[in-house]
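Enquirer: Sequence:
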Amino acid sequence: MSYRLLIVEDSPELLEATCDFYREEDAGLWDVVTASDGNDALARVTGEDFDLMILDIMLPGASGFDICKAARKRSDCPIIFVTALGSENNVLKGYETGCDDYVVKPFSIRQLYAKSLALLKRAKRNADSEILRCGAISLDKKTMLVKVSGREIVINAKEYFLLVYLLENKGSVLSRRNILEHVWGDDLDVNDRVVDNTIRRLRECLGEASGLVKTVIGRGYRITEE
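Residue numbers (my numbering): 1 to 226.
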């Protein structure tokens, strides 16, 4: 698996040196995309997905701050500013704009690489924590997409939140009362029968994976791969 890396730098020598280091340090880990013009970089971040961005601030065209703002509208990927602007005000502006780290030139490419790996690993852990899985079922809490065997399925709100609660407690038996409290909250116009009907509709939505939602007679329901 490779990660898409965008490096935006208007110094040809520094851009080449940084690209070469990333490509050679872990061969095959990085798919490196470059830009030396701010407007070109701005077009890329508004139309393409990246796993990590390294941005200079002073560029022809759009500034690194502009690029970071645009990127943050559609992505939470790690962003590192690498710039000659080292004043406290610029550093604070960088973090306020949405960067994850701020490196002042001159700098060590090896240290920049270590920062990149650390941020990438942290981002991956955070992303993984947003994905709930059981067998063929995956649920992305961030996008609210539910997939079965990699195919997106259509699911209504109550079935979705019921599935979230089941997946967050995978393997545990959840009583109808527990489910009512966590999915319906303070709605007093619901009863145990509503839970059973919603479970039925959820199973219909899950199709081939419906068998993962088990009925535990006399106790409630659970989701399990067993």
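Any given hint might turn out to be false.
In silico BS3-like links for lysine-lysine, alpha-carbon gap of 30 Å or less [unchecked claim]:
(1) K105 x K115
(2) K214 x K142
(3) K93 x K124
(4) K69 x K93
(5) K170 x K73
(6) K142 x K124
Pairwise CB distance ranges, derived in the manner of DEER restraints [as the list claims (entries may be wrong)]:
(7) G185 x L117: 39 to 49 Å
(8) R125 x A84: 24 to 34 Å
(9) L145 x G211: 38 to 48 Å
Derived from the structure by calculation, the hints contain no laboratory data. Glycine included, C-beta positions come from ideal geometry on N, C-alpha and C.
Enquirer: All hints, please: hold or fail.
Expert: Hints and how they fare:
{"no.": "1", "hint": "K105 x K115", "result": "holds, 15 Å"}
{"no.": "2", "hint": "K214 x K142", "result": "holds, 26 Å"}
{"no.": "3", "hint": "K93 x K124", "result": "holds, 26 Å"}
{"no.": "4", "hint": "K69 x K93", "result": "holds, 11 Å"}
{"no.": "5", "hint": "K170 x K73", "result": "violated, 33 Å"}
{"no.": "6", "hint": "K142 x K124", "result": "holds, 14 Å"}
{"no.": "7", "hint": "G185 x L117: 39 to 49 Å", "result": "holds, 42 Å"}
{"no.": "8", "hint": "R125 x A84: 24 to 34 Å", "result": "holds, 32 Å"}
{"no.": "9", "hint": "L145 x G211: 38 to 48 Å", "result": "violated, 22 Å"}
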